[in-house]
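One line per chain: the protein sequences are A and B, in this order. Residues 294 to 704 (my numbering) are what the first sequence spells out, left to right. Residues 294 to 704 (my numbering) are what the second sequence spells out, left to right.
Any given hint could be a false lead.
If several chains are the same, the list does not tell them apart, and a pair holds so long as it fits within one copy or across any two.
Below are the EDC-like pairs computed for lysine to aspartate or glutamate, each with C-alpha atoms no more than 16 angstroms apart in a straight line [as the list claims (entries may be wrong)]: (1) K701 with E365; (2) K298 with D627; (3) K464 with D398; (4) K463 with D590; (5) K701 with D647; (6) K540 with E613.
If you're looking for bench data, these hints aren't it; they were derived computationally from the structure.
2 protein chains.
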Amino acid sequence: MTAEKILLCVLDGISDRPCPEFGYRTPLQAAHTPNLDTLAREGICGIMDTIAPGIRPGSDTAHLSLLGYPPERYYTGRGPIEAEGCGIHMERGMIGFRVNYATIDDEGIVTDRRAGRISDTGALSRAIQEEVDLSSLGVEFVFRSGAGHRAALAFRGEGLGAAVSSNDPKKEGAILHRFEALTSKPEDRKTAEALNDFARQAGEILREQPLNQEREKRGDQPANMVLIRGAGQMGHYEPFNEKYGMKGSVIAAATLITGIGTVVGLTRVDVQGITGSANTNLEGKIRATISELEKADFVLLNIKGADEAGHDGNAQKKKEFIEVIDQALAPLQDLENCLIAFCADHSTPCSVKDHSGDPVPLLIHGEGVRVDGVDRYDEIACAGGGLHRIRGEYLMPVLLDLVNRSRKYGA
Amino acid sequence: MTAEKILLCVLDGISDRPCPEFGYRTPLQAAHTPNLDTLAREGICGIMDTIAPGIRPGSDTAHLSLLGYPPERYYTGRGPIEAEGCGIHMERGMIGFRVNYATIDDEGIVTDRRAGRISDTGALSRAIQEEVDLSSLGVEFVFRSGAGHRAALAFRGEGLGAAVSSNDPKKEGAILHRFEALTSKPEDRKTAEALNDFARQAGEILREQPLNQEREKRGDQPANMVLIRGAGQMGHYEPFNEKYGMKGSVIAAATLITGIGTVVGLTRVDVQGITGSANTNLEGKIRATISELEKADFVLLNIKGADEAGHDGNAQKKKEFIEVIDQALAPLQDLENCLIAFCADHSTPCSVKDHSGDPVPLLIHGEGVRVDGVDRYDEIACAGGGLHRIRGEYLMPVLLDLVNRSRKYGA
Chain A
294 MTAEKILLCV
304 LDGISDRPCP
314 EFGYRTPLQA
324 AHTPNLDTLA
334 REGICGIMDT
344 IAPGIRPGSD
354 TAHLSLLGYP
364 PERYYTGRGP
374 IEAEGCGIHM
384 ERGMIGFRVN
394 YATIDDEGIV
404 TDRRAGRISD
414 TGALSRAIQE
424 EVDLSSLGVE
434 FVFRSGAGHR
444 AALAFRGEGL
454 GAAVSSNDPK
464 KEGAILHRFE
474 ALTSKPEDRK
484 TAEALNDFAR
494 QAGEILREQP
504 LNQEREKRGD
514 QPANMVLIRG
524 AGQMGHYEPF
534 NEKYGMKGSV
544 IAAATLITGI
554 GTVVGLTRVD
564 VQGITGSANT
574 NLEGKIRATI
584 SELEKADFVL
594 LNIKGADEAG
604 HDGNAQKKKE
614 FIEVIDQALA
624 PLQDLENCLI
634 AFCADHSTPC
644 SVKDHSGDPV
654 PLLIHGEGVR
664 VDGVDRYDEI
674 ACAGGGLHRI
684 RGEYLMPVLL
694 DLVNRSRKYG
704 A
Chain B
294 MTAEKILLCV
304 LDGISDRPCP
314 EFGYRTPLQA
324 AHTPNLDTLA
334 REGICGIMDT
344 IAPGIRPGSD
354 TAHLSLLGYP
364 PERYYTGRGP
374 IEAEGCGIHM
384 ERGMIGFRVN
394 YATIDDEGIV
404 TDRRAGRISD
414 TGALSRAIQE
424 EVDLSSLGVE
434 FVFRSGAGHR
444 AALAFRGEGL
454 GAAVSSNDPK
464 KEGAILHRFE
474 ALTSKPEDRK
484 TAEALNDFAR
494 QAGEILREQP
504 LNQEREKRGD
514 QPANMVLIRG
524 AGQMGHYEPF
534 NEKYGMKGSV
544 IAAATLITGI
554 GTVVGLTRVD
564 VQGITGSANT
574 NLEGKIRATI
584 SELEKADFVL
594 LNIKGADEAG
604 HDGNAQKKKE
614 FIEVIDQALA
624 PLQDLENCLI
634 AFCADHSTPC
644 SVKDHSGDPV
654 PLLIHGEGVR
664 VDGVDRYDEI
674 ACAGGGLHRI
684 RGEYLMPVLL
694 DLVNRSRKYG
704 A
């Protein structure tokens, strides 16, 4: 028997370094994780450099690598991925940007980079989409709200470049910057000109919006400016179903991860109540995953809360959330006809409060895997496993081969 | 807590193959090494191919790789590195050479390739520097004494190539060769012409030197010729402090290793009484290292004696020197705020009497490392460690990540 489907379960930032509060064990070592441990006992383990040894991955580059799209060949910056994550369909050559709604005063000083953490920006984004006009520059655009104060922008047109600066001064109390081309190339100058025009028009439109006038009356910061950064030109991603012959879906709270999924051609599955934090609807996410696996051949599931605890430097919270994750994973033990790979996209050590290049623990469970002697899913136990140490870009080939979908190379 | 500094301790040629005299254990397995073993127990171990599996490294290419300058991209021959090691500041494009002082007879036959192992050549080199004149060819040069009978030469000028042969017949009793261009390119011909002129003038000057006349009177071989080989054009090395954001130093007896260090921008630290042999001043070297780590962020320490014993094929001497090294390393156990990596640059098996491509044992000790179950620093124990098997070019990324100096790739 061979499994036919693949679940890639990314336990975002779950791995760590030894923490003094746990007697120099990691939160994953310290946590009580009976479900993951059972899966480890029945599966094969190893460690993985999602990009390469010692390379500190972003979540975006790491997920690209895990999906078999090595970032050194595919990654063109965060903008196009965030744009996809906000539901903009990025075509090759389009320029994508991350956007924050922000507040500026009459002098052009940025007084709040998140506009009082505004959250319901749909009407504002629709107004921008309808009223901003860049046609005199030959530029079309798409503008969409994201989660909270976030949004995304994409430009389409002839002769547009991505080497441009941002208007975000990166700190409050500083004056809004002008966009500048970072080279003397006409395409970068054209993009900078279009961005300056876009931001000016958007500011004028935003000031007239009833929502902002209400906010000001209430004493809230109005969202009267857009801060635009992370410019990147959309590249060519061979669609996932053509590359692997599998229909795939993505389930994740973070727009960055759903963006990566949709960029490579995965179908985005929305689940009510998922937040990417410890209060997320984990059970719903697992139910949605199991149900999606009835239709799709491949599901990328990202579970984010442990990463957040690592960024906060809170080892105790991280351990507790790992235990919550482990409980939520219980139904996966009954999944039939499915290979499951558990890994992280990167370590997020509490001592670092950011990603690190430490390898992540990898566990593959399902029909056909060679079972090793590892009986615990953690950084140290997995290092002794039968998969040894592999790179993220080889994970998909290994999984495809285990479901007999790899192509023979040679005769 | 995270360490801030890095000590890279290269135990030159320490690893080996099984030796019959130790019941088919290696000298490192047979040696009593309580300090290295304690560090192994407290750290994480693995094995490393300094260049790639099965590739037999030179000390120069191996050290370049360990410092994160992969030799396939950076190495342009030994000449420029030896020149740096002799204190010549090599600028990009200069041609560097290794030099031996030698003895020839009136017929031009090389009678001693090392001029009776002459050692005090400072006056001879100064005379060459002052009196040889290549200005008619538009070539400037720098000539410096190295250790013993060794010296180095560098050419600077327009249109100089490095594809030239040597005047060294490689054996005694053979006639001095003429330098030849190895291609028909004018730049290689110009270098060959300059070398022939240089060697002729140097020979004439050397014959007039009082030191040589005294040596002849004493019955010693006069240093009346220079054998020049290892031509290489200096390439561009991104300076270590710019590449890594760390101020680094190198402590080594061999000019080849200090040369590599200074080529990539490390500061050379001289220690009295270090010879690269078993009689070296090891305690002084360790003291200098600890003291240097107060000023520098990174120190490359090379300890050479075990390599020499391997080249001699003397397993017993190798084992004994390994025990001397282990004793000398004791003070490193008290080093605070410092990550220490122990490795070799290559194996030097006593059965081979030369370098081999066998992987070298790697041990990383310090705050933040994930401690594995290895409790012994040797070739076999380390192969079971949590680092598995990595390549030399990833050592610096791994170490930088452990001191939180790696750059995030992506978002």
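A quick look at each hint next to the structure:
Only between protomers do K701 and E365 lie at most 16 angstroms apart by alpha-carbon distance; the minimum there is 13 angstroms, versus 25 angstroms within a single protomer. Taking the shortest alpha-carbon separations for K298 and D627, only the intra-copy value of 14 angstroms comes in at or below 16 angstroms, while the best inter-copy value is 49 angstroms. In this assembly of identical chains, K464 and D398 lie within 16 angstroms of each other by CA distance solely inside one copy; the values are 14 angstroms within and 77 angstroms between copies. Taking the closest pair of Cα atoms, K463 and D590 never come within 16 angstroms of each other, the shortest separation being 42 angstroms inside a single copy and 30 angstroms across copies.
Taking the closest pair of Cα atoms, K701 and D647 come within 16 angstroms of each other only across two copies (9 angstroms); inside a single copy the shortest separation is 40 angstroms, beyond that limit. In the homo-oligomer, the alpha carbons of K540 and E613 never lie at most 16 angstroms apart, since the shortest distance is 34 angstroms inside one protomer and 40 angstroms across protomers.
Of the numbered hints listed earlier, those contradicted by the structure are 4, 6.
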